[in-house]
Amino acid sequence: MTAQAARDVGVTGAMLLELDSLNVRFPTEDGVVRAVGGVSLAVREGETLGVVGESGSGKSVTFLTVLGLVTKAQADISGTIDFRGQDLLQQPEDELRSIRGNDIAMIFQDPLTALNPVLRVGDQIAEVFLAHQKMSKAEAMAQSVELLDLVGIPKPKERSRQYPHEFSGGMRQRAMIAMALALKPALLIADEPTTALDVTVQAQILELIDRMKDEFGMSVVLITHDLGVVAEHCDSIAVMYAGKVIEYGDRDDIYYRSEHPYTWGLLNSIPRLGEGADRLEPIRGLPPSLINLPPGCSFHPRCPYRFEPCDKEIPALLPSDGHHASACHLPLEEKQRIFSERVVATG
Amino acid sequence: MPDATEEFQRRQALKEEAKAEGSLHDIPLQREVAAAADVPGAQLPPGVDRELADAAGAGIVIASQRELAWRRFKKHKAAMVSGVVLIIIIIGSLAAPLLTSYTFSETDVTSPLQGPSMKHYFGTDTLGRDAFTRVLYGGRISLLVGFAVAIIATVIGATIGAIAGYYGGWLDNLLMRVTDLFLSVPFLVVLILGSLLLGPGVLDTVIILSLFFWMYDARIVRGIYLSMKEKEFVEAARASGASNRRIIFREMLPNAMGPIIVASTLAVAAAILTESVLSFLGYGIQPPTPTWGNLLDDARNLAVSAPWLILFPGIAILITVLCVNYIGDGLRDAFDPQGQGKSL
Amino acid sequence: MSSVVPAPTPTSRVGQTPLVRLEGIKKHFPITRGVIFQKQIGAVHAVDGVDLEIFPGETLGLVGETGCGKSTLARVVMRLHDATEGRMFFEGRDVTDLKGKELRTLRRDMQMVFQDPFASLNPRKTVGAIIGEQLVIQKAMSRDKIKGRVQELMELVGLNPEHYNRYPMAFSGGQRQRVGVARSLALQPKLIVCDEPVSALDVSIQAQILNLLEDLQKEFNLTYLFIAHDLAVVRHMSDRVGVMYLGKIVEMAEGDTLYETPKHPYTGALLSSVPVPDPNLAARKKRIVLEGDVPSPIDPPSGCRFHPRCPQTRAFAAREPGGGDGIHPRCREEDPPLKPQHPGQVAACHFPLDDHAVVAEDEDG
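Each protein sequence line maps, in turn, to chains A, B and C.
Position 5, counted from 1, in the first sequence is what numbering that gives the first Met the number 0 calls 4; the numbers after and before it change by one each time, with no gaps.
Position 339, counted from 1, in the second sequence is what numbering that gives the first Met the number 0 calls 338; the numbers after and before it change by one each time, with no gaps.
Position 348, counted from 1, in the third sequence is what numbering that gives the first Met the number 0 calls 347; the numbers after and before it change by one each time, with no gaps.
Be aware that a few hints might be false.
Stated by the list, open to error - Ranges between beta-carbon positions, derived for each pair: (1) B:P111 to A:E28: 39 to 49 angstroms; (2) C:G291 to B:K73: 47 to 57 angstroms; (3) C:G291 to A:F215: 22 to 32 angstroms; (4) C:K38 to B:K73: 31 to 41 angstroms.
As the list claims (entries may be wrong) - Below are the EDC-like pairs computed for lysine to aspartate or glutamate, each with C-alpha atoms no more than 16 angstroms apart in a straight line: (5) C:K217 to A:D277; (6) A:K183 to A:D234; (7) A:K311 to A:E333; (8) C:K124 to B:D332; (9) B:K76 to B:D332; (10) C:K338 to C:D50; (11) C:K285 to A:D122; (12) A:K156 to A:D122; (13) B:K74 to B:D332; (14) A:K183 to A:E165; (15) A:K154 to C:E290; (16) C:K284 to A:E206; (17) A:K154 to C:D292; (18) C:K25 to C:D292; (19) C:K285 to C:E333; (20) B:K73 to A:D122; (21) B:K74 to A:D234; (22) B:K118 to B:D107; (23) A:K136 to A:D102.
Source of the hints: derived by calculation from the structure; they are not laboratory data.
For each residue, glycine too, the CB sits at the ideal point set by N, CA and C.
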């Protein structure tokens, strides 16, 4: 989907971030890994975009590239990443660093990799202030205690003097969110922020992200493999497979009117509470190698509905109505029929 | 008490983390992608490596770990060159009778202390013995001692380390305290006393050196076993009814081989050096059997008048030790591409 | 002894001998300190008094969060850990203290499928050697027959038997988990303990493995102890489900009962936290958000272990004179035993939830 197409499908409101035909290829000994193969996406001001996909779908690499954590030195990158009118791929390194710190922040699945184990949590957050804003050490410390309080860490003053290993998993994730929010970013990218956490803690963290989004007026990109998480916390959803966005739409589009066989497969693969012990319908086979992508639609070898053009032509991500687009050769009526007959939808 | 709680929590957290991440693929891509993490305080989440690795690896990588290690070793230029040089040195020592027409004890009083020439490549000593021949033959003993000590010490050390790490508890405590004891004695003194007690033969020297070279292996192997015994594949073997012996030697040992080989390679270098120190001090292998060490000892008083006598055995030691160390480096990179100091 | 009473025997099972019976199982890991003379300064109460029965052919599910002791319990059942206290019976025989040859023979009847498909296969062995390992160890058949059996097993779990000589590294996560399943089936055990068998896998692959486990259960009349943190997965797989919190089973029920009418507030909180892949249903769901984290199992709370996080005790304390600090005194002082609730359901709570605490009444599907 080009940025134009994004507008075609009714992505109205001010755009904060627009990716246009982003390609990221890693040259390796075994061949070129096409991690991201032409992704076009847009994030509006103030929305939460869910990016759903399995391992190897390119969902993390896409946004690491946005953040400048995958650079042209390591990978072959093409396309544009438009953030508030600037193409991030054309910015010099120091400019990028300033955008990265001030306007775009990221939180990861494992907070321990982002927190320095030998520094006190409070100092680490204060460090962010000191690096980017003019303020005294005492002010920075006061600010960081305030942030820890904001993200729901009890006794923030004492906690700010502790080390990351003294925090539980959920608390660390809160601390990392506090650090990410320090400079009031316009965009928060959350890469599987709750995958390592237990469900009760996951619920707390997702609620915190929602609350912070409203409080700071941010946009959030929630990268996850969990269709449940997306259902409860996202406005728009992009489903990725083998380095491409294969379906894009609002919540109801994806859950109640999905138009892509891969999304159907995902919906049918999840065991649900209250559904009894019906047999699951998994997607057969394995995701393709990103070095040897199948010709045509990357999903065709696993797709039960494939027909004539699927192994030859790559389907474009085309809008079906104002806010819903999918990349599949099946005719729309056929998709609607199959969805209503074959796919779980409690609605 | 608070310390213990902390420690426990930390360990739990680490375990959880390890579980959440899973262990990583051994795919070179990882390193490239990991290098992306140039942001202070932030790294690529391990999931991404996995994601890429998975995607790249689905069904293509069929190479065994050994092949991959060899592929990586070949990339380490210094190690490859060192390997070739070391092989030349070894072959040279073994093929000494073919390379020289002299024998190492053959004296020629008519031509003492001659400088290097076409007749005597490395010159001659006070008794007119050919220095080139003596360096070649000396290499036999020095290399023999180096490799023998490394092998014996590795076997002892790996066994002790494996037992301590696998069983843990009091046995671990006991074995590790013994290890500490061996590490804390001033070993040159003990070596000298030992050589006086046992005698100056090659075998005696090998035995004495081996007794002081196993501790490093023991510590490394213990560490590996300690972390590896928590791995699910070890539990799976126990659940199948495998005996402890089978688990220690058949299941776990192959996974510890990388670091063991690296450690014992470095032990070769250290043993060669120590042997030469010992011989140089006059407590090692005694003349007329030449070793690089006692050649240096012989030439000690002639350093000014006949510098070649000290130069060539010295260079032989230097090159050999350097080569062995580079090979060790290369092996370390080959077995442990992430430089994380663990084999899994 | 623990005050826990065994979960009720399912009505259809009365009179049957359970395949596995646990009585008052505790597993404490000592915490020691000191270099030469080590002394114990505390213990992690990983499993703290569990009674259970697993009947032939059924799937008993256990759910709980990190640190609740479910994986430790699995390892006690597998005799990978020795219980600190309590007895374990397999087919009516006390196997708590079996050693050596007898233990090795017992291991033919129970096997385990592990969580991490990357750590559970020895990277230095071919998958053929991994799957056939138990056949070699148990001297079950001659070496030349093993290869045939291994290939049969590979076929059974959906792997290409020609990949016999490949190393685990050449397989994806889902395929490795199939190798793990094939390994567990080698000697046709009676019990298979599945410890988070799909939590490391992608959704689409998860479903493949769950279906495989179901098919194998039907084909070989297997009994599963199925452990996971994902309630939906456990519900999907299990006939009965137990919920663990800090080393104890706090609730256990048959089939849908647990999900429709949870009685323990912790179960309620877990259920309401599960993200539902259905926006409308999610919007209708009642939320019980817990505060704080699971307390340390080194020094578990007095009385009911859940009381520091329990919303229910707060509600009841408010009505009680002297309950001013938000904790009902009964919850603080008295460890609640498992008590019968609905038929086939037990829960350990002084103030169980109402029937409509979590799932809204009008489910229009």
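Checking against the hints above, which ones are violated? 1, 4, 6, 7, 8, 11, 14, 18, 19, 20, 21, 23
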